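In the order they appear, the protein sequences are chains A and B.
For the first sequence, the numbering used here gives the first residue as 1, with consecutive numbering after it.
For the second sequence, the numbering used here gives the first residue as 1, with consecutive numbering after it.
Calculated from the structure, these hints are not laboratory results.
These numbers were taken from a predicted model, which means no experiment stands behind them.
It is possible that part of the hints are untrue.
[Said to hold, decoys possible] Computed, partial: chain B to chain A, Cβ under 7 Å:
1) Ala-122
2) Tyr-133
3) Tyr-286
4) Leu-291
Note that the Cβ used here is the ideal one computed from N, Cα and C, for glycine as well.
Take a look at the letters that make up each chain.
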Amino acid sequence: MIELIILAIINGLILGGVYALVAVGLNIIYGVMKIVNFAHGEFLMIGMYTAYWLFVLFGINPYLSVVLTVPVVILVAVATEKLLIEPVIEAPELNQLLITAGLSIFLQNLALLLWKADYRGIPIEIHNITVGIMTISLERVIPLIVAVPISILLYLFLHKTRIGRNIRAVAQDREAAELMGIDVKRVYVLTFALAGALVGVASALLAPVYYVFPLAGTSFGVMSWIIIVFGGLGSFEGALVGSFILGIVEAVAGVLTSVELGRAIAFVIFLITLIARPEGLLGRRKL
Amino acid sequence: MKISIDKKHLPLILAAIVIFGLPLLPVSPYIIHIFTIIYLFAFFSTCWNILGGFAGTLSLGHTAFVGIGAYLTYFMFTWYGLSPWIGMLLAALASIGLATILGYPCFKFGVRGTYFALATIAFAEILRDLCLYYRDITGGALGLYLRYLGFSPLNFQFNDKRYFCYIAIFLWLLSLFITYRMKRFRYKLIAIREDEDAAAALGINVLKEKMVALWLSAFLTAIGGAFWLQYYRCITPGTVLSLDLSIQIALIAIFGGMYDIIGPTVGAVVLMPISEMLRVHLGGTYAGLHLLIYGVLLIVVLLFMPKGLTGIIKKYFIRKEEE
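Pulled out of the complex, with its shape left as it was, chain A reads as follows (with noise of 0.2 Å):
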């Protein structure tokens, strides 16, 4: 039983780095102009298709093909952003969400559209390593490998670089920073090709391990959204924190009980953190 618990525990950070990878970015949009994108999911499903295409046709090692899932996706959140998000930017925010809430239902049917319900798996080799009585993948394990190096390397680039500080200003207020002189709407499109290229790196780790069909990217899409108000919106920190605990608690909970109680908990802890602490769990701490 121990050991099982500690296995949870260990896919748990491991979800939680897949998580991190795709909630920061969702983050991020949310500090800089009060979104929650609905369609971020979808973002990372299409990456994943992209992957998947590439390999099947072209033979290209999935993980190779992140020099060209990054492209992708930072072409449709640039397109989202200018298209869609921009005409609304002054529009109520529940328009905002309804707005990712539509792009998100026809990038999925799109997909439905175009590629059907099938369930496809890239047949790659996978390593396995054994620690004492728990056998791991290797392939599971990069994402987590590679999202704690990109994390850091986001936080100093948001706080090191010009663009950054741009980024962080605006995220602070919007109107001081338009009057130092930040092109506000030049930010905006940077934050979303951002994000878009957080989730293109974690579709390229992803298509490996996970299946790809339409629905592929709703249940990170949606455990994003639930991360970012636990951890805090808006918070760099907490979307990070927030992703690892979030996704040991799904993992422990799912080997405990089952995989929709799991979730139904997820749930629970986003609604009780909505209720009784809306600022999160570092909410202080901004970008």
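Fit chain B to the given chain A structure using the hints.
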């Protein structure tokens, strides 16, 4: 005896003749089916609009109330032989209880706008997950099938779709009547929508009014859920507990115009035939097409006509009067 008809009532009488007369025409059951779901969704969206439109408290979890209405009515009928006519009222009361669990803490602690919308989604998803988990009782993802009894009015079962169509019309008229008659309540909700803090300062009990709106909406929506069960005789988490249904209900109201009593009805009349025909005729070869169009419509409406169809019609007529 001479029957005199006031001229201003004429359009109403004509509308009544059309509404009640159409299902009597010798048309195929398929057409009757389309009428029925137009009225059913006009009903759902009008109920949704009490909270979403007037109070501006957007819910994307109304599927929870549909689901609770459908599942509880089924259980009471199958386990205890309770007639769905009574069962659905009990299920609707349960739906009020459920709405309170979600709504009271949310409204009490100021969960508003986007946050409330996200909370309602989470709430509906919890119900769906529980429904999938307790598959011994709920049938899991495969759902439940209602025993067909033929023509049995006491058990809310009929052998002709026309009966269902008239019940749907009744439900729809009921929801319109309620939203039309609750004038003072409606104005209070609109005040809350425009500015919650200002409304509170004017002496409106914001918490109470929002709760009542939620209760009313949840109660009626659950009745609609019971109707769904009796009409389709099949309920699954993928239909009556799905996020898609929540979004569909909200979209119909937003598309038609969520600031008007009649808006959700206009939305259902325009959208339901399109989506149903796409689903039936192209659903096999082009699965997902009708939902894809929903997604596009949602985006287009919010980008170009946030006040919906009735908003556009009004704008057009007011301009004409000015000229």
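Evaluated hints:
At about 4 Å, the closest approach between the beta carbon of Ala-122 of chain B and any beta carbon in chain A falls short of 7 Å, and the interface hint on this residue holds. A cut of 7 Å between beta carbons decides the hint on Tyr-133 of chain B: the least distance to chain A is about 4 Å, and the hint holds. With a cut of 7 Å, the hint placing Tyr-286 of chain B at the interface with chain A holds, because the nearest CB-to-CB distance is about 6 Å. With a least beta-carbon distance of about 4 Å to chain A, the hint placing Leu-291 of chain B at the interface is held under the 7 Å criterion.
Figure legend: structure checked against the earlier numbered hints; every hint is met.
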